[in-house]
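A.B. asks: The chain contents come next:
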Amino acid sequence: MREKIVLDLGKLPLHGMGTASVTWWGTLAFMLIEGTGFALVIAVYLYLMSLATAWPINTPPPDLLPGTLVTLILLTSLIPNILLSRWAEQQDLRKVRIGMVMMSMIGTLPLIVRIFEFPALKVSWDSNAYGSVVWTLLGLHTTHIITDLVDTLVLAALVFTRHGRSPRRFGDVQDNAMYWNFVVATWLPIYGCIYWLARL
Amino acid sequence: MKPSAAAPEQRDIDVERAQLTDALAETWKTPSGLWGALATVDHKIIGRRYIFTAFVFLALGGVLAALMRIQLAQPEARLLGPDRYNQIFTMHGANMMFLFAVPVMEAVAVYLAPLMVGTRNIAFPRLNAFSYWIYLAGGALLWIAFALDMGPDVGWFAYVPLSGPQYGTGKRADIWAQMITFTEISALAVAVELVVTIFKQRAPGMTLDRIPVFVWAMLVTSFLVIMAMPAIVLASTSLILDRLVGTHFYNPAEGGDVLLWQHLFWFFGHPEVYIIFLPAVGMVSTMIEPFARRPAFGYLGLVMALIATGILAFGLWVHHMFVAGLPRLGDSFFTASSMAIAIPAGIQIFCWLATLWDGRPVFKSPLLFIIGFIITFVIGGLTGVMVASVPFDTQVHDTYFVVAHFHYVLIGGAVFPLLGAVHYWFPKLTGRMMSEALGQWSFWLIFVGFNATFFPMHILGLEGMPRRIYTYQPDLPWHGLNLFVSVSAVILTAGFLLFFINVMRSARFGEIALDNPWDAPTLEWATTSPPPSYNFAMIPVVGSLHPVWDDRDGLPVADGLRTDRRELIVTTLATAEPQAREASPQNSIWPLWAAIATTIMLIWSIFSPWAVVWGSIPAAVALIGWFWPKGTPEDES
Ligand code: HEM
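Residue numbers (numbering that gives the first Met the number 0), protein chains in the order written: chain W, 0 to 199; chain L, 0 to 636.
Hints listed in this document are in silico derivations from the structure and should not be mistaken for laboratory results.
Be careful, since some hints might not be right.
Taking beta-carbon pairs under 10 Å as the criterion, some of the chain W residues facing chain L (in silico) [claimed, not checked]:
{"#": "1", "residue": "MET0"}
{"#": "2", "residue": "GLY9"}
{"#": "3", "residue": "VAL21"}
{"#": "4", "residue": "VAL40"}
{"#": "5", "residue": "LYS121"}
{"#": "6", "residue": "ALA128"}
{"#": "7", "residue": "SER131"}
{"#": "8", "residue": "VAL132"}
{"#": "9", "residue": "THR142"}
{"#": "10", "residue": "THR146"}
{"#": "11", "residue": "VAL149"}
{"#": "12", "residue": "ASP150"}
{"#": "13", "residue": "HIS162"}
FRET-style restraints, in silico, Cβ to Cβ [claimed, not checked]:
{"#": "14", "chain 1": "L", "residue 1": "TRP627", "chain 2": "W", "residue 2": "THR18", "range": "20 to 28 Å"}
{"#": "15", "chain 1": "W", "residue 1": "GLY17", "chain 2": "L", "residue 2": "PRO81", "range": "35 to 43 Å"}
{"#": "16", "chain 1": "L", "residue 1": "ALA65", "chain 2": "W", "residue 2": "ILE111", "range": "37 to 45 Å"}
{"#": "17", "chain 1": "W", "residue 1": "THR18", "chain 2": "L", "residue 2": "GLY80", "range": "58 to 66 Å"}
{"#": "18", "chain 1": "W", "residue 1": "ASN57", "chain 2": "L", "residue 2": "ALA146", "range": "40 to 48 Å"}
{"#": "19", "chain 1": "W", "residue 1": "LEU108", "chain 2": "L", "residue 2": "VAL612", "range": "15 to 23 Å"}
{"#": "20", "chain 1": "W", "residue 1": "SER123", "chain 2": "L", "residue 2": "SER388", "range": "25 to 33 Å"}
{"#": "21", "chain 1": "W", "residue 1": "THR160", "chain 2": "L", "residue 2": "ALA506", "range": "44 to 52 Å"}
{"#": "22", "chain 1": "W", "residue 1": "MET177", "chain 2": "L", "residue 2": "PHE51", "range": "33 to 41 Å"}
{"#": "23", "chain 1": "L", "residue 1": "ASP518", "chain 2": "W", "residue 2": "LEU82", "range": "57 to 65 Å"}
Derived coverage of chain L by chain W (criterion: at least 3 residues anywhere in the stretch with Cβ under 8 Å from a Cβ of chain W; other residues may be distant) [claimed, not checked]:
{"#": "24", "region": "217-230"}
{"#": "25", "region": "423-435"}
{"#": "26", "region": "550-563"}
Please read all numbers here as calculations on a predicted model, not as lab measurements.
Here a beta-carbon is modelled for each residue, glycine too, at the ideal position from N, C-alpha and C.
Starting from the given sequences, assemble the full structure and let the hints guide the process.
C.D. replies: Structure follows, in structure tokens:
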């Protein structure tokens, strides 16, 4: 087809930030997938609970301490995380570097406490359906912490290389921070489910 | 943001047309040779591969169908034993649904959607490459297992307890479950790519009401995939856990529940039907325009019907479980919603009829397939409304009536439009036309053969013939019709064979196609047939729903893009205002490594839970290799 030029796009930036970035939208879509997954496991939990005559099945409810500790750590981690996202938005490489190191360390903390959280469920995955679903809930969320932590570590290494000073990297840092917020946000209903619904 | 000052950049405005296309071809090329083929991220090459592979699976599933029909042609046949028959109908169903119908629709969109919205590559092209390899691995897993007599034998929906640890011994059910994981990963990946491509990479000016209907259909479908597929991933994963590490999700003795499986499966399974069907109706609404030679009647109605179907699709799953003994009120609700979904379907049918009525139709093979689709789909829809009523369903559940019904909607509702689409877009993909004479012949053979094969199955079902039986006794009143069905299946097969012959012949010897052989209005026809690696030398600027019709004196385009890096335009969600000149990733071999690592992990995990721990390490390494910047111009900004 013949063409006629009607628009000059030469002035546009070479990379979009925020809603102008395709990775931002991609992260959002993956959050939707995983959010649906979490919601479904919670639905399974409620479904099994509605069938059982007593809940938890043949076990006391889980110990509150490790799970609550994880919740507190995760909630507190939001502060540095949001700060980091802001520094990335301002494209302040020095602060972003500090923030990334900080989040790498903070990301490992909940995993350490998690080691104690599984035994605190006081039930094994193969004891009964209750055990199966709480282990699945906790396991699924733990996988999310691990994947985000690995992502954070790699990105932390990256911001110290020559590839660090680029809007694209700052965008990655923001997306990674957004994903961490998601990991924290999804924990809250799961925490309520595992620890408080079992006490009703 | 300041543009990088260091490297002297090359822009399209600085060069002559011939130099421009040379420079773009260099930047966007897929090198020849094996390595180039393995590392490519060109959506057209990957889309072609996807389509080709899906049709191979269609042919393989067709061979299984032929085997079943030979076996059932007469009572007490000895060709297949009960165990083999169980494997064959399960393989046929699972293969057709997960390896053919869903992937082929996404595949067509992988090829076409970026062209139709006027961009240069799909969003996340490396994820696209990865998704293809994962899909291929999942298909290979299923078929290799079948060849080793390890094919699943629990039906395409693998109900527990039959598929659970107690009855489903061996690894057959795990093969089914893990094949699901493979195909769902690839389907989810493509869904994300399509959503982001359609949201953010539309050509400047392509506002929401200027998006071609097929693209709308794929957007809705992608959201269905995103919301529905996690349910089946959860189902298949928990099934594997029950079978491998002794969880009790589906074990009633320990507080589990078998109906939970049916809920999870059909929460996915019913939207799945629309995941297959919506792209097909999108194709119809798009193809009908050049053949009716007028714009489709009721664009808004068509789009709204797509969205309404997408939402209602989630309110239907229980109608697959009417005989499972659910509370009465539940049944009534799901009957009502099942009948309600006939409304948007009806709206679309009336829009197509109005388009044809008011147009000057040209009866080429794509339009024949469209008309065949409308007729067949209406029949399938009518039996659908019938089985939505609980008393009727109780009678015909698990009989050949249901087999007839779902083949009417699947083949009539999806395969017919798809075959029409192949005839229609073939020139764009290959640069050659398909033979019209062969196309007409294959249409009539398939249409007649299909109805003669499947219509009598309704009657067989009413006469009480259950589905999934490997044979029947001579004193039952079924053999006459069964023989008729099997003979008709020969006609149907002949039609499909002719179609495949037409495709293969035309790909080599077909008449050379023009850029826009059908005088169609959408953007994929504004570029050459087949399109160059960069799709468009200059990004189109869209001013209407039918840009190619409305700008006959010259397609408005934009300039100012660089030619020395892969660059495309990101636009705003609703109004498609240009926001950035974004880089599009270069070819990379890492998606293949990541797919291989994932494949090893998934297959290993059928046998040991530790596979997830050890297998994720190479997968993580491959992902790091994939994302680590390589210092190419695409990494700058
Ligand atoms: C090409 C011609 C086809 C023929 C002759 C054919 C024939 C059959 C027959 C005879 C059965 C019933 C087996 C039984 O219950 O014992 C069956 C089942 C099935 N078919 Fe087809 N089929 C064809 C194409 C397709 C296509 C294109 C799809 C999907 C897009 C499909 C999806 C299914 C499914 C999901 C089942 C149920 C499997 C199960 O019971 O688990 N078929 N087919």
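A.B. asks: What hint numbers does the structure not satisfy?
C.D. replies: 5, 15, 16, 20, 25
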